[in-house]
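Colleague: Going line by line, the protein sequences match chains C and L.
Heads up: the first sequence is residues 1 to 321, going by the working numbering.
Heads up: the second sequence is residues 1 to 330, going by the working numbering.
Keep in mind that the hints were calculated from the coordinates and are not lab data.
By construction, the Cβ of each residue, glycine as well, lies at the ideal position given by its N, Cα and C atoms.
It is possible that part of the hints are untrue.
As the list claims (entries may be wrong) - Not everything, but these chain C residues come out facing chain L in the computed CB check (under 8 Å):
1. His214
2. Arg216
3. Met217
4. Arg219
5. Ala220
6. Tyr221
7. Gly222
8. Val223
9. Phe232
10. Arg235
11. Leu236
12. Leu309
13. Asp310
14. Pro311
15. Arg312
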Amino acid sequence: MPAIVQFIVQRLAAALLTLVGAILLLFVIIQFVPGDLASILLGPRATPELRAQFAERMGLDRSIPEQIFLFFRRAVSGDLGTDVVTGRDILSIILDVLPNTLQLAGAGLLISLAFGIALGCIAALKPGSLIDTVLGVASVAFITTPAFVVAIFLLLIFSLKLHWLPVTGAGAPGDPLDRLSHLILPATALSIGWIGYLARLVRASLLEVLSEQHVRMMRAYGVPEGRIVRHFALRLALVPMVAVMGIGVGDMISNAVFVEIIFARPGIGTLIYNAILNRNFPIVQAGILFTVLTYVTCNLLVDVINALLDPRIARSLNKPA
Amino acid sequence: MSGAAISHLSVDFATKGGIHHAVRDISLAAGPGRILGLVGESGSGKSTVALALMGLLAGNAEVTSGALQLGSESYDLARAQATAALRGIRMAMIFQDPFASLNPVFSIRAHLTEVLSRRSPELDGEARNRAAMEALAAVGIDRPEIRLAQYPHELSGGMRQRVAIAMALLVRPDLLIADEPTTALDATVEAQVMQQICGLRDRIGCSILLITHSLGLVAQYCDDIAVMYAGELVEQGSVAAVAAKPGHPYARALLACEVTIDAPRGADARASRFRIIPGDLPDPLHLPSGCIFRTRCDMAIADCARIVPPPVTVNGEPGHVARCIRVNEK
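From just these sequences and the hints, can you work out the full model?
Modeller: Now the structure itself:
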């Protein structure tokens, strides 16, 4: 089996374990939430018969291991149950809002990568210069400002004061331009911290690579400096950055919750948030399931990209310990 | 082609303690098809000479004077980018550590074809590929078509150094600089790599500047030798002449340090092994007056502190010079 295929299979197995672990953890946490689910959802005046009927329908009368087993068995066949409040199919509720969150996180990722790599390269090519110092200070400021603070300020400045961009929502479904204008501010809020972080990371990693002997070797063979940086050094310098982006995606998704709330954007974040406030745990479970699924998929992707970038990675991980 | 000659090369480093004159007025020549061994201790400035020629010195270094004569052209090394146009065309370099000198995320093919895209831009992809394969075969790598697709980490150190030699071979340079090409390798691999370097010389007839601290290597493979000490050249000449009668006390001491491998078994090992030169290199910021070696020299006299020794022909042998005022005594 080719190294890369073996690598992907191993990663898939690990991803599955992560998924199961996250759901187990979620079930345990729900057990600690005070109050009986039936009385919270049905209200204090529900009759005992009604509560018993509800508990049976939700599977609450079964043991926890049984509940977990049932949840997974149904989830595998795409059945996440029906929402008690609206009576809608939970899967379709999730799939309605999931694209909004994916677009937000995806745009945040793209902005972080584009600016982070570019600024990191600029700083690394002139270490110790004024621009390097300015970028260094700016990066730290970016990293230390939480995404929701950035979101509030962007909203105040660009939407409420300057009226350049829309305030809330995700835009009209069929209008790409409208959706894009609704995406700019939240995606920027999401990416600011990562721009700073990636700029630092790329700078350090590129500086290190540029001091390595194979770069001097390329210079000794007259390879133009621009090509050495862009083609030979950057590819090597991006390996640690891509590895970190596995965590970055997770951070984007969790920060998307705040950003979606602030911009009143429909998405997985707002969905989970409202479901938690209503103690609507089936929705919370399904929402978390998809969040974890997204995270695990992105991590898998990151691992594969890294293995393709650096042939040593797939090989070293396949070696028997 | 008439080989390569360096004249009056001086290099300064700006350090916190002040200006450090790392290389002072060095002149060397390597005829076409000849290998010149440049030897000296660590810190003697031999690698600085190589990097100055290639124009690859660190940012705090400055070439204050020096010229490179390559064939009929002369290049002023004190000018910025003086030899930039020669790199990968008329000059090539093999570095010390083959484990670090290839980019780990690029295939062997990418390394070789990159060299060709500068040296022979007229070749198409197919022809480059063929040339790369031939170069690998020429340096004794078997199954070159498989090796081309591999990455540096899949090759042994000796094989990586041969890839570096193949890169140099593709350049067909007039001057090849090999900076301690075998220091990082096993003794058995050392011989193979040196044979490939000699093979390259035979194939393209270039001059080779071999930087090393191994006199054994120089004795075995070089035609000429130049001995550096603390940034200055103290002796140069043909290997045969210098080995037979070293003129400078430092060169003599270096030769005495070499372990005699053909000493009879059972002979007292302590008698021949681990001879060392007492003392250390002088502080580069506070060099002694007169002769730079006098503080460690067992022959130093009062005049050595006053007179900067000029090059003196040793034994009447043309081309064999040493910078010691007591050369032709006794």
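Colleague: Next step is simple, just say for each hint if it's right about the structure.
Modeller: Each hint tested on the structure:
Annotation: interface hint on C:His214 holds; nearest CB of chain L at approximately 4 Å, less than 8 Å. At about 6 Å, the closest approach between the beta carbon of C:Arg216 and any beta carbon in chain L falls short of 8 Å, and the interface hint on this residue holds. Annotation: C:Met217 was flagged as interfacial toward chain L, and the flag holds, the nearest CB pair being 5 Å apart, inside 8 Å. The interface hint given for C:Arg219 is met, as the beta carbon of that residue sits about 6 Å from the closest beta carbon of chain L, less than 8 Å.
With a least beta-carbon distance of about 4 Å to chain L, the hint placing C:Ala220 at the interface is held under the 8 Å criterion. A hinted interface residue such as C:Tyr221 counts as satisfied when its beta carbon comes closer than 8 Å to some beta carbon of chain L; here the least separation is about 4 Å, so the hint holds. For C:Gly222, the interface hint holds, the least distance from its beta-carbon to any beta-carbon of chain L being 3 Å, beneath 8 Å. Hint status for C:Val223: holds, given a least beta-carbon distance of 6 Å to chain L, under 8 Å.
The beta carbon of C:Phe232 comes within 5 Å of a beta carbon in chain L, closer than 8 Å, and the hint placing it at the interface holds. Checking C:Arg235 against chain L: minimum C-beta separation of about 5 Å stays under 8 Å; hint holds. With 8 Å as the threshold, the beta carbon of C:Leu236 comes within range of chain L, its nearest partner Cβ sitting at about 5 Å, so the hint holds. Residue-level restraint check for C:Leu309 holds (minimum Cβ-Cβ distance to chain L is 6 Å; threshold 8 Å).
Proximity of C:Asp310 to chain L holds as hinted, the smallest CB-CB distance being about 5 Å (cut-off 8 Å). A least Cβ separation of about 5 Å between C:Pro311 and chain L falls short of the 8 Å threshold, and the interface hint therefore holds. Nearest Cβ of chain L to the Cβ of C:Arg312: about 5 Å, under the 8 Å cut. The hint holds.
In this structure, none of the earlier numbered hints is contradicted; all agree with it.
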